[in-house]
Amino acid sequence: MFANQIGYYSLILGLLLSFLLCVVSIKDFKNSSKYINQNILFLSFLQLTLVIVSFLSLIWSFIKSDFSNETVFNNSHTTKPLFYKISGTWGNHEGSLLLWLLVLTLFIFIFLIKSREQPKKYKILTLLFQQIIIIGFFLFVLMTSNPFNYLFPIPTEGLGLNPILQDPALAIHPPILYLGYVGTSIIFSSSLAAVTQNYVSKEWGQHIKKWVLISWIFLTIGIMLGSIWAYYELGWGGFWFWDPVENVSLMPWLTLTALLHCIVVLERRASLTSWVVILSITTFTLSMCGTFLVRSGILNSVHTFANDPARGIFILIFLFILIVLSLGVFFLFHKENNKNLNNFFWLSKETSILINNWFMMYFLSVVLIGTVYPIFLDVISGHKISVGPPFYQKLIVPFLVPFLLFMSLGPRLKWIKSKIENKKTIIITFIISVMLTFFIIKNLTTDLLFYTVLVSAAFFLFFTTLKEFFVKRFNNISQTVAHFGFSLLILSILFNNFLSSEIITNIKIGEKYSYNKGEIFFKKIEERKESNFNSIIAYFEIKDGNGKTVELKPEIRIYNQPIIITSEADIKTTLLEDKFLVMNLVKGNEYFNIRYQIKPFMVWIWISVLLLSLGGLMNLFKRRYEKEV
Amino acid sequence: MKKKFNLFIIIIFLSFSFVIFYKGLNNSNTYTPQIIDKKNIPIFKAKDFNSSAYVDSEKIFKEDIFYVVNIWASWCVPCRIEHPLLMELSKIQSLKLIGFNYRDNQINAKNFIIEFGNPYSKILIDNDGILAIEFGAYGVPETFVIDKNKKIIRKFVGPLNQEIVDEIKLIVK
Amino acid sequence: MKFLKIFIIILLFTGFSQLRSDEKNNELKNKILKNIRCLICQGQSVYDSESDFAASIKLIVDRKINEGMKEESIYEFLRDKYGDWIIYDPKISKNTYVLWLLPLLLFFAGGAIILKKTNLKK
Chain A
1 MFANQIGYYS
11 LILGLLLSFL
21 LCVVSIKDFK
31 NSSKYINQNI
41 LFLSFLQLTL
51 VIVSFLSLIW
61 SFIKSDFSNE
71 TVFNNSHTTK
81 PLFYKISGTW
91 GNHEGSLLLW
101 LLVLTLFIFI
111 FLIKSREQPK
121 KYKILTLLFQ
131 QIIIIGFFLF
141 VLMTSNPFNY
151 LFPIPTEGLG
161 LNPILQDPAL
171 AIHPPILYLG
181 YVGTSIIFSS
191 SLAAVTQNYV
201 SKEWGQHIKK
211 WVLISWIFLT
221 IGIMLGSIWA
231 YYELGWGGFW
241 FWDPVENVSL
251 MPWLTLTALL
261 HCIVVLERRA
271 SLTSWVVILS
281 ITTFTLSMCG
291 TFLVRSGILN
301 SVHTFANDPA
311 RGIFILIFLF
321 ILIVLSLGVF
331 FLFHKENNKN
341 LNNFFWLSKE
351 TSILINNWFM
361 MYFLSVVLIG
371 TVYPIFLDVI
381 SGHKISVGPP
391 FYQKLIVPFL
401 VPFLLFMSLG
411 PRLKWIKSKI
421 ENKKTIIITF
431 IISVMLTFFI
441 IKNLTTDLLF
451 YTVLVSAAFF
461 LFFTTLKEFF
471 VKRFNNISQT
481 VAHFGFSLLI
491 LSILFNNFLS
501 SEIITNIKIG
511 EKYSYNKGEI
521 FFKKIEERKE
531 SNFNSIIAYF
541 EIKDGNGKTV
551 ELKPEIRIYN
561 QPIIITSEAD
571 IKTTLLEDKF
581 LVMNLVKGNE
591 YFNIRYQIKP
601 FMVWIWISVL
611 LLSLGGLMNL
621 FKRRYEKEV
Chain B
1001 MKKKFNLFII
1011 IIFLSFSFVI
1021 FYKGLNNSNT
1031 YTPQIIDKKN
1041 IPIFKAKDFN
1051 SSAYVDSEKI
1061 FKEDIFYVVN
1071 IWASWCVPCR
1081 IEHPLLMELS
1091 KIQSLKLIGF
1101 NYRDNQINAK
1111 NFIIEFGNPY
1121 SKILIDNDGI
1131 LAIEFGAYGV
1141 PETFVIDKNK
1151 KIIRKFVGPL
1161 NQEIVDEIKL
1171 IVK
Chain C
2001 MKFLKIFIII
2011 LLFTGFSQLR
2021 SDEKNNELKN
2031 KILKNIRCLI
2041 CQGQSVYDSE
2051 SDFAASIKLI
2061 VDRKINEGMK
2071 EESIYEFLRD
2081 KYGDWIIYDP
2091 KISKNTYVLW
2101 LLPLLLFFAG
2111 GAIILKKTNL
2121 KK
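Chains as they are written, first to last, in my numbering: chain A, 1 to 629; chain B, 1001 to 1173; chain C, 2001 to 2122.
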């Protein structure tokens, strides 16, 4: 009961604090002191605290199953396990907005305390721009998506949470993803601040880089968690569906990666300033755009939140205000750099990073156009089409070949002007990659020419970065690790694709099904009762070509509220392959339909993404080391 | 000068996008297939409900009148709700009702007919749903109106209501 | 050093052909099913969906493949019944020229800009 009040009024106070902060900051901006008014830090901390209090109140209401709160009623149930009652707090639209506010206020506060040596006016402007975003979200929550609405009479039971959301990976996926996704707001605000102060320089680059890295690492891991969840929860062993909600998280990742590389140029050579500012603006804009696309009901997807056009209109207007504001600031304040600095020699590190930008922007345009084009076409002509995986694959995969090659050669180039050293080694590595590829895949695919080219390029990057571990050792190791991780990612995905196989069949209890080299034995079924579902567990013994036997136990669960039947796959993971078994009931029959998949190198896909993030993490700490020296 | 030109282009593009997204919000995001041009009825063979013999589609739709195809099943709750309206339609001389019994158990279906009445001049069995797909249906109940040229001219997804029945009556006059 | 690496990798790739034979037809069928949207569970492909509609489509696709119908004709058949929406791969038609060409145009525009900005001599 009280929690509702506390939660709601904390939000109101938080909003009022935003206005107060703006007033105090503008005043402090005008006075001539070199140091920021300490009150500002205090007020920012207070605002963060209020949002935390509000967030905790909502969690408390969920834990207590307080159904007088409408959000809790819509998304929870007394029989849900405690862990999912808590994670259910941010698994819905209103609660997830509190998470947005939490990250927004947290990041600006940490920014203020970690930027003591930065110019005062720059810090204040960053705070002001961030407050514009924060105010927007406070208004959005209070006006259209209040998590603290009262229900009277108080229902005795809630509507429950969709069972496929009751999962550990999905419980932590939003917080981690948001730290990345929403974290790009600080990059947005500080870039705009830097532009107005003509502070887009080497020093600023060094300062903002850690924020870019932090957002990037969380965003990478957040996306990975979502894919892992989709892999074992959403059915048939896929992990990326080019679904609008997935695309919406990928787009800021692409621009953030491009931004990361541009910052490297900025802090060394003080050029590419326009790129840095535009990418900073674009990344957060894409985050907001993504929020619009998935919460407004404009798109058709399994992942979207509850549809509400009224909310959509609010976000749409808010989004366009931000775009107009940021572009306005850029056009008014951005000063073109010294012309000479921006003309690069064709064979240089700067150019290779420009080329990276070029490809990233291309991939971004494919994903963006693919996602929003059906909306445009529908509104203009009424014609409805679908844009799915084949579109993205056809436009992206071929371009991976030159991209991988550039990625292998780029890091070897020096700044300003370079020559290609060790031409012989490069050519030998290339030939080995092609020969190795041809030998391995000639029996695996009918599209031999195309895949030979693609896989060779991936192997070329693989061997090049592997060699750099030995040659460069700890010099720039974060880059080597990250690029190596990327090559491993492409190789894992490709080989997983070539080598995966599947059996679909109907089988009875006690029956044995023989396939090519092995046998599937349906041993028995057991029933089990949990607090909010009943399940049928099936025991299968699968003998593979080498005589080894594994036991797999897929389940069919019948949840009580809402009443939904789900299939839970059982997956046995080893470094070499995943064995994936999922089962479904066949209507009116004693048969069960099973899908058994062997997926080689599946776990390497996750390992390679972790390597990517590790590279980013290593760079984060390298900065600190370098500063101390 | 170049900057101003870029700015102008961007403003145009943003305004255009804003309008599109704004309008897009009001469109439904789920897809319902519409009839765009009038297509001929598909040619198929199906099992007769009563005689269990296979019949050709040409023989089913041979008369020079309107046909109304209705996809139904005994387990489908909205089908019960629309049934009295089907009985009403069956009394009209200028049309004949053809029923597709979709993914159903024959005994349950027979009981359904006995209990609620039989509006159909012919019932066909569609146990695997293939017949429904030939007609472009994807669920149950769905109803199609076929004109004298053997073309599908109207399609109704979901249970019939009085409005739809009145519209059908106008078409077949 | 390099040869050791290669040798290990080659070793890893033997023994992965357990389920590979009599897979060609299945591969084609699955490829097609993944390209068809389910009308009942509208966020899923027919391959992923367990709905009645998906089951019927799977049967029809199976039959048509066995009758020798080509992949593109199967898509045409379904588009004819349900509209373009039902196939994930957007057909190249006057409605989708912009969709397919715009990214490529942007790519070449980007390349042109880079060529302009970089010098062949310092």
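Read the hints as simulated data drawn from the structure, not as lab findings.
A portion of the hints provided could be inaccurate.
Claimed, not checked - Only pairs whose alpha carbons sit at most 30 Å apart, straight line, appear in this in silico DSS-like list of lysine-lysine: (1) B:K1155 with B:K1096; (2) C:K2081 with B:K1047; (3) B:K1045 with C:K2029.
To be verified - To be clear about the criterion: a stretch of chain B counts as covered by chain C if any three or more of its residues have a C-beta under 8 Å from a C-beta of chain C, and this derived list gives those stretches: (4) 1004-1015; (5) 1132-1140.
Ideal placement from N, C-alpha and C gives every residue a C-beta, glycine not left out.
Hints the structure violates: just list their numbers, smallest first.
-> Hint 4 contradicted; others consistent.
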